[in-house]
Structure formats: C-alpha cells, structure tokens
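Residue numbering for the sequence shown follows our numbering, starting at 551 and increasing by one per position.
Just so you know, the hints here were simulated from the structure itself, not pulled from any lab data. Backbone N, C-alpha and C fix where the C-beta goes; we use that ideal spot for every residue, glycine too. Hints are supplied without guarantee of correctness; some may be wrong.
Claimed, not checked - Have a look at the derived ranges for each label pair, beta carbon to beta carbon:
#1 Thr582 to Tyr717: 45 to 55 angstroms
#2 Asn665 to Tyr708: 54 to 64 angstroms
#3 Thr609 to Glu587: 41 to 51 angstroms
As the list claims (entries may be wrong) - Distance condition first, Cα-Cα at most 27 angstroms in a straight line; then the derived DSSO-like pairs of lysine-lysine:
#4 Lys705 to Lys598
#5 Lys707 to Lys690
#6 Lys705 to Lys593
#7 Lys670 to Lys594
#8 Lys578 to Lys597
#9 Lys593 to Lys611
#10 Lys683 to Lys670
#11 Lys611 to Lys690
#12 Lys711 to Lys594
#13 Lys690 to Lys700
#14 Lys593 to Lys700
#15 Lys690 to Lys598
#16 Lys611 to Lys597
#17 Lys611 to Lys598
#18 Lys578 to Lys670
#19 Lys593 to Lys711
#20 Lys597 to Lys711
#21 Lys707 to Lys578
#22 Lys670 to Lys690
#23 Lys578 to Lys700
#24 Lys711 to Lys611
#25 Lys598 to Lys707
#26 Lys683 to Lys578
#27 Lys683 to Lys700
#28 Lys707 to Lys683
#29 Lys611 to Lys707
#30 Lys705 to Lys611
#31 Lys597 to Lys700
#32 Lys670 to Lys593
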Amino acid sequence: MQQFNHNIISDSTFILNYLDGMNEEETKEVLTQFSDEQLQQAKKLLKKEYRSIFLSPFTFKWFWILLACVPLLPSTVKFAPEMLASIYADDLIMMMTSVLGTFAVVFLIFMGLMNFSIAKMRLDIEAINQLLKESRSRFKLIENEQFSRKYQYWKMKYNVKNQLTDYME
C-alpha cells in the first residue's frame, strides 16, 4: 500500500496510471517507492495489456475481408488451368495466356482490396502501434528498476566498491 498526494493506493494499476506525463528521472524516483511484488504485478498487467493491444487488429472487419480473399490466389492457380483446358484444349499458348491473365486479374483484385483495406485501417494501425510503443516503454522502465534493485543487492552482498581507489591501501 502506497500513499501519494494524500491518497492511499493499494492496486498495482496505480503504477501504470501514475507514470503518465512524467519524465524518465521522476519515473525512476517514483518506481523506487514500490515493492517488488507491486512491480511484478504491474509487469503482468502490462504483458496482458500488450497482448490485447497486439491482437486487436483481428477485430477489424476489413482485416477479415482481406483474410477471406487470400484463398483466391492459390485457388486461381489450381483451378484456372483445369477450367480453361476444356475451352482451349487445342491451343497451348492461348491456354497459358488465359491462365496468366486470370491469375493477373484475381491478383490485381486482391491487391486493390488489400490497399483499400489498409487505407481503411491506417489510422487504427498507427494508433495501435503508438499504444504498443508506450506499453513497451512502460514495461522497460519497470524492468530497469527491477534490474537496478538486483544489481544493488548483489553489489552490497559481495561488498563491491564504487571506485578503484577504494581498493587501494
């Protein structure tokens, strides 16, 4: 349980919300006031948040439309020659041209749909990327604080001196 600005906070989500709008030095200073358990809980919450943000594009309608069109390409390669073979059974060059033309048309439709879908999702994707960066930076701050604590612990345990001159007698 921590007390900041006369408010008693017992939830580790406070760590995540409190760090917004602070520079790195202030953040490091604040993180030293939390226990290891609170920092570990905050890391778990950040991992869960990062995972949900990372998987959020799968909820977009345009993503699923785009994904539904992916089987068109291999099916065109597989079935177009079979369909066109009956039409152009005698002329091999005409059949190959038709197969390539059919594949090109389906591929261009797929690319057009992909560009349209990406244009529809562009702002969402940029916002998600920004959220992922913020979440990762928060996670890194907490990891750095935990590393600093472990470093100080081992340094004190084995009585490692700060300066080289401290070893001179």
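Right, here's what the structure says about each hint:
1. Thr582 to Tyr717: 45 to 55 angstroms: This hint is violated: roughly 28 angstroms between Cβ atoms.
2. Asn665 to Tyr708: 54 to 64 angstroms: holds, 60 angstroms
3. Thr609 to Glu587: 41 to 51 angstroms: 33 angstroms Cβ-Cβ, so the 41 to 51 angstroms window is violated.
4. Lys705 to Lys598: violated, 33 angstroms
5. Lys707 to Lys690: Distance ~25 angstroms between lysine 707 and lysine 690 Cα, so the pair holds.
6. Lys705 to Lys593: holds, 24 angstroms
7. Lys670 to Lys594: violated, 33 angstroms
8. Lys578 to Lys597: Holds, because 20 angstroms separates the two Cα atoms, which is no more than 27 angstroms.
9. Lys593 to Lys611: violated, 31 angstroms
10. Lys683 to Lys670: holds, 22 angstroms
11. Lys611 to Lys690: violated, 33 angstroms
12. Lys711 to Lys594: This hinted pair is violated, its Cα atoms lying about 34 angstroms apart.
13. Lys690 to Lys700: holds, 15 angstroms
14. Lys593 to Lys700: holds, 16 angstroms
15. Lys690 to Lys598: OK: lysine 690 and lysine 598 at ~15 angstroms, within 27 angstroms.
16. Lys611 to Lys597: holds, 25 angstroms
17. Lys611 to Lys598: Holds - the C-alpha atoms of lysine 598 and lysine 611 are around 23 angstroms apart, at most 27 angstroms.
18. Lys578 to Lys670: Violated - the C-alpha atoms of lysine 670 and lysine 578 are around 39 angstroms apart, more than 27 angstroms.
19. Lys593 to Lys711: Given pair lysine 593, lysine 711 is violated - Cα atoms ~31 angstroms apart, limit 27 angstroms.
20. Lys597 to Lys711: violated, 36 angstroms
21. Lys707 to Lys578: holds, 23 angstroms
22. Lys670 to Lys690: violated, 32 angstroms
23. Lys578 to Lys700: holds, 15 angstroms
24. Lys711 to Lys611: Distance ~60 angstroms between lysine 711 and lysine 611 Cα, so the pair is violated.
25. Lys598 to Lys707: violated, 34 angstroms
26. Lys683 to Lys578: At roughly 18 angstroms apart (the allowed maximum being 27 angstroms), lysine 578 and lysine 683 satisfy the hint.
27. Lys683 to Lys700: Satisfied, since the Cα-Cα distance of roughly 26 angstroms is no more than 27 angstroms.
28. Lys707 to Lys683: Roughly 36 angstroms separates the two Cα atoms, so the pair is violated.
29. Lys611 to Lys707: Answer violated: lysine 611 to lysine 707 is near 56 angstroms, above 27 angstroms.
30. Lys705 to Lys611: violated, 54 angstroms
31. Lys597 to Lys700: With a Cα-Cα distance of about 21 angstroms, the restraint between lysine 597 and lysine 700 holds, given a limit of 27 angstroms.
32. Lys670 to Lys593: violated, 33 angstroms
Consistency with the previously given hints fails for numbers 1, 3, 4, 7, 9, 11, 12, 18, 19, 20, 22, 24, 25, 28, 29, 30, 32, ordered from lowest to highest.
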